[in-house]
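*Asks:* As given, the protein sequences belong to chains A and B, one line each in that order.
Residues 9 to 254 in the working numbering are what the first sequence spells out, letter by letter.
Residues 2 to 410 in the working numbering are what the second sequence spells out, letter by letter.
Think of the hints as simulated: they come from the structure by calculation, not from any bench.
Don't take every hint at face value.
[To be verified] Below are the DSS-like pairs computed for lysine-lysine, each with C-alpha atoms no more than 30 Å apart in a straight line: (1) B:Lys194 - B:Lys364; (2) A:Lys25 - B:Lys397; (3) A:Lys87 - B:Lys47; (4) A:Lys87 - A:Lys25; (5) B:Lys397 - B:Lys47; (6) B:Lys193 - B:Lys47.
Take a look at the letters that make up each chain.
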Amino acid sequence: MVAEPLIRVADVEKVYKTGDVEVRALRGVSLDVRPGEFVAIMGSSGSGKSTLMNLLGCLDRPTSGSYRLAGREVARMNKNELAEVRSEILGFVFQSFNLLARTSALENVELPLVYRGVGGAERRRRARLALERVGLGARLDHTPAQLSGGQQQRVAIARALVGDPKVILADEPTGNLDSQTSIDVMALFQELGRAGITIVLVTHEPDIAECASRVVVVKDGLIVTDREQVPRPARSAPAAGAEVHP
Amino acid sequence: MNPLVTVVVAFRAVLRNKMRSFLTTLGIIIGVAAVIAMMAIGAGAKAQVEQAFSAMGTNLLIVMPGSTTAGGSFGGFGSMPTLTWDDLAAIRAEVPAVKAAAPQLRANQSIVSDELNWTTSITGTSPDYFEIRSWPVAVGAPFTQADVDAGSKVVVLGQTVVERLFGPSANPVGQTVRIGQSPFGVVGVLEKKGQSPSGQDYDDAAFIPMTTFAQRIQGGLGKFLTGTIFVQATGSDTTQRAMTDVQALLRDRHHIPPGGEDDFSIRNLSEVASAQQQGTETMTTLLASVAAVSLLVGGIGIMNIMLVSVTERTREIGLRMAIGAKPRSILLQFLVEALVLSLTGGLIGVALGVGTASWLAGKFRWPMQIQVDVIGISVVFSALVGVVFGIYPARKASQLDPIDALRYE
Ligand SMILES: Nc1ncnc2c1ncn2[C@@H]1O[C@H](COP(=O)(O)OP(=O)(O)O)[C@@H](O)[C@H]1O
Ligand SMILES: [Mg+2]
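Take the sequences, apply the hints, and build the full model.
*Replies:* Given below as structure tokens:
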């Protein structure tokens with residue numbers, strides 16, 4: 009009756025070796041994420057959140073354990089297969105935006121489609137739609153330097169969206185934003201969640217985590233808390249002051 | 002990633018750092034320009050030498066009085082006559098590898114027409130001289146064996162002499178000129194021949210029968226032939242044979258004992274020509290290889306800057322990988338960027354090389370031949386330099402680990 013979850017992590021360990029020092033960043037993590045969930049991963053610095061996200065994002069492979077994404081075992085994939093999964097199923101949002109400098113918002117958003125071999129006209133059409141969806145339909149030609157931090161993160165979200173991903177992975181997406189802008193960005197994530205996209209987001213701010221439908225707390229490479237909650241709507245923030253652009 | 006997008010991205014990356022890209026390609030630009038200019042000028046020089054030697058005559062031997070080994074210390078060849086008229090007849094009759102032989106007696110004299118006078122080189126010879134030197138008459142006819150036998154006062158003029166005495170494009174055949182005290186009838190005008198390897202004007206000359214020359218200019222026909230003998234072999238493969246046979250014949254006729262020194266010398270013009278040819282070629286090859294080294298250095302410059310570029314753009318590479326770029330796409334992107342650098346350098350180099358060669362040719366009146374195949378090879382070679390020196394940085398980029406690359410500061 010219930011299909012296999014979108015993400016199924018079972019007993020995953022990750023050990024980093026630097027010289028003769030071994031760091032066990034993940035020590036047996038199991039986590040299932042069903043389609044449509046909005047998961048916030050919390051935990052103190054160095055607890056293994058980013059390591060977990062990198063594994064979920066198919067950027068890295070676990071040392072042991074199993075990771076199935078949309079029914080496929082990731083641990084045994086080669087570099088090209090990982091690239092294909094990243095391109096077709098996943099969308100990434102980073103703390104530092106990672107937009108290409110001196111490149112327009114539109115072209116930044118087009119980039120994932122370039123690697124999928126989508127033709128020029130179709131690419132631009134879809135990139136424009138994605139930018140309109142994040143509220144930047146009027147800023148297509150702006151380069152990152154001409155955009156505020158919040159706007160840059162929206163461009164990055166549009167870039168994650170443009171390929172119609174099943175999952176968006178965001179490692180501290182609000183870490184470089186002021187609190188009001190953070191709330192705006194979270195409102196955008198909630199909107200995407202309502203549209204059916206699965207979201208996994210790392211944060212260490214409790215009020216950001218409140219926006220999610222599930223909170224997972226990581227400590228020393230282990231999951232210590234995993235609870236569902238009623239998400240708080242980000243829009244109801246009282247101090248709805250106007251976003252200040254530099 | 003489609004090829005057009007790859008090329009556009011590469012061009013943008015190159016144009017983003019215009020000065021740096023230009024300095025990087027400078028090695029290639031200079032290398033290609035130097036190769037093309039060198040080869041153009043070298044080929045021009047070679048063609049000129051070739052043309053000059055073939056103008057002298059084919060399969061040609063020149064027999065001169067005096068020994069070779071005595072060299073310059075004797076104050077020049079021909080100062081003491083050792084060749085005789087009978088030697089000439091014997092060379093003609095007794096050496097099978099010889100097709101024809103003609104004397105060349107020379108003196109500088111002035112020739113006078115009705116109004117003008119011009120000092121030129123007068124040559125006394127026989128009619129087959131014009132064949133030996135493959136130098137046909139343009140107007141009229143050469144003098145004949147009958148003219149030689151009778152010692153007729155007839156003259157065949159070179160184009161320059163005609164121009165000086167009668168004006169350009171005049172036809173002097175049938176007119177009379179004076180050489181010394183005697184009137185000579187102009188029977189023919191030779192075709193234009195151009196310059197000798199040493200730059201002397203072949204067409205500034207007049208030719209009269211050898212008997213007439215001996216009597217009127219050398220003051221009597223004696224036993225000795227006061228000049229040189231031009232010998233034409235029957236073919237290029239018999240030139241060497243003709244040379245040894247003529248040498249043997251003359252040693253015998255001059256009663257030179259075995260081990261004794263020749264009292265004459267024989268020059269094989271095709272040998273002189275090929276020696277000079279080789280000189281030019283060696284020079285060209287040398288300069289071209291220096292230029293090729295500069296291309297190589299240019300390639301190393303490209304590798305260097307591509308490595309810098311990969312390092313600078315490590316985060317960008319990580320991002321591209323995170324959003325779905327395969328290692329192959331990254332490899333291709335950097336390879337095409339190196340190719341764009343080297344190929345652009347190559348094309349600028351071609352333009353610069355052709356420009357430099359034309360400018361030098363114009364300024365110093367050097368001959369030059371732009372060689373399409375050299376241009377083609379240079380362009381292909383610079384592309385190759387881009388690929389060879391671009392592959393290492395590109396591989397390095399494509400093998401980056403996406404997380405490490407994203408985290409790179
Ligand atoms: N590439 C790496 N090499 C070695 N150790 C690493 C590497 N990445 C992370 N670590 C270590 O793994 C642990 C977890 O790190 P990380 O997942 O980045 O934590 P978080 O994102 O929760 O702050 C830390 O102790 C960190 O030092
Ligand atoms: Mg982290």
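*Asks:* Starting from the hint list further up, note which numbers the structure goes against and sort them upward.
*Replies:* 3, 5
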